[in-house]
Amino acid sequence: MASAEHKHPNYMAIFWYLAILTVVEIAVIYAPLAKLTIGVLLCALALGKAVLVAMYFMHLRFETRTLGMVAITPLAIATLLVFLLLPDGFAVAKRTTGAKAAVSAPAKP
Amino acid sequence: MSQAAVHSAVEPAETPLTPDSWGKLGMWIFLAGDAVGFGTLLAAYGMMRATSGDWPNPYAVLGINLTALMTFLLICSSVTMVKGLEWLGKGDRSKCKMFLFLTALGGAIFVSLQAYEWTHLIHRGLHINGNPWGASLFGTTFFLVTGFHGLHVTGGVIYLLAILRYVTNRPEPRASYNAVEIVGLYWHFVDLVWIMVFTFMYLI
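Here the protein sequences come in this chain order: A and B.
Residues 0 to 108 (numbering that gives the first Met the number 0) make up the first sequence, in order.
Residues 0 to 203 (numbering that gives the first Met the number 0) make up the second sequence, in order.
Misleading hints may appear alongside valid ones.
Below 27 Å or equal to it, Euclidean Cα-Cα: the simulated DSS-like pairs (lysine-lysine) are [to be verified]:
{"hint": "1", "chain 1": "A", "residue 1": "K93", "chain 2": "A", "residue 2": "K34"}
{"hint": "2", "chain 1": "B", "residue 1": "K94", "chain 2": "A", "residue 2": "K6"}
{"hint": "3", "chain 1": "B", "residue 1": "K89", "chain 2": "A", "residue 2": "K6"}
{"hint": "4", "chain 1": "A", "residue 1": "K93", "chain 2": "B", "residue 2": "K89"}
Simulated from the structure, these hints should not be mistaken for lab results.
Treat the numbers as computed from the prediction; the structure is a model and nothing was measured.
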């Protein structure tokens with residue numbers, strides 16, 4: 000790619016997508032939905048906005064594969080991190096919520 | 000010699016690295032590292048919140064009207080950034096400089112609003128080691144994550160102003176295209192991180 004300028008996408012369209020998605024995000028938190036549903040929706044909306052920014056504003060769509068690989072690496076590491084933390088999270092949650100139950104029926108060793 | 004020509008003919012999809020793209024590659028590698036830093040902070044936040052019994056409801060406590068405005072402001076400053084690059088590509092240096100200045104101004108207003116928000120919240124009792132609404136880690140994580148992001152915006156404003164000066168001093172407008180594109184990468188990354196911070200720390 001070097002200094003050769005790539006084609007500029009329609010930035011205003013991306014801006015409107017981002018603005019609309021932000022409004023939808025704020026609407027979602029007041030929607031009469033389950034807390035988990037709201038959480039999943041918000042994560043999906045945030046991911047959508049992040050992809051729009053990376054692909055069009057940061058021109059990742061028009062870049063070489065090398066830069067794409069560099070960009071995707073932290074995403075892979077973050078996903079790994081979540082799975083590394085999950086067992087600990089479950090253990091702590093079990094200890095705090097299951098403390099009462101454990102008194103009457105202690106868990107097997 | 001002919002071997003090299005054959006080799007490059009085999010893989011036409013990947014253009015070789017040129018001195019112009021080194022800077023871009025360097026910025027992307029830096030941003031990847033920075034993204035892991037933010038990712039770790041947000042993962043730690045999620046972990047503490049998930050395992051806490053009395054975490055306050057962020058959007059009820061923090062108030063999201065001002066933050067929504069700040070989010071919108073940062074998106075706008077990303078648009079002025081790409082517009083600046085677009086004008087520079089067309090060879091219009093003065094328009095590029097105007098848009099770069101607007102981008103830096105947007106960042107400066109963002110940081111000012113954040114300072115206002117922090118002051119307001121501190122007066123209401125949100126401190127780094129405790130708050131009136133529940134888990135004390137709520138304040139710790141809030142100030143740490145938004146502060147780390149605010150520091151990035153502050154650095155970005157300084158970076159943008161330095162590049163503005165660089166664009167002014169180049170004899171030929173197109174000579175600064177690469178530098179403007181690289182500062183743009185940093186700036187959009189800061190915007191991207193705010194999208195995540197806004198979602199995880201204010202909305203959910």
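Right, here's what the structure says about each hint:
no.: 1; hint: A:K93 <-> A:K34; in the structure: holds (20 Å)
no.: 2; hint: B:K94 <-> A:K6; in the structure: holds (19 Å)
no.: 3; hint: B:K89 <-> A:K6; in the structure: holds (12 Å)
no.: 4; hint: A:K93 <-> B:K89; in the structure: violated (61 Å)
Hint compliance for this structure: hint 4 is the single one not met.
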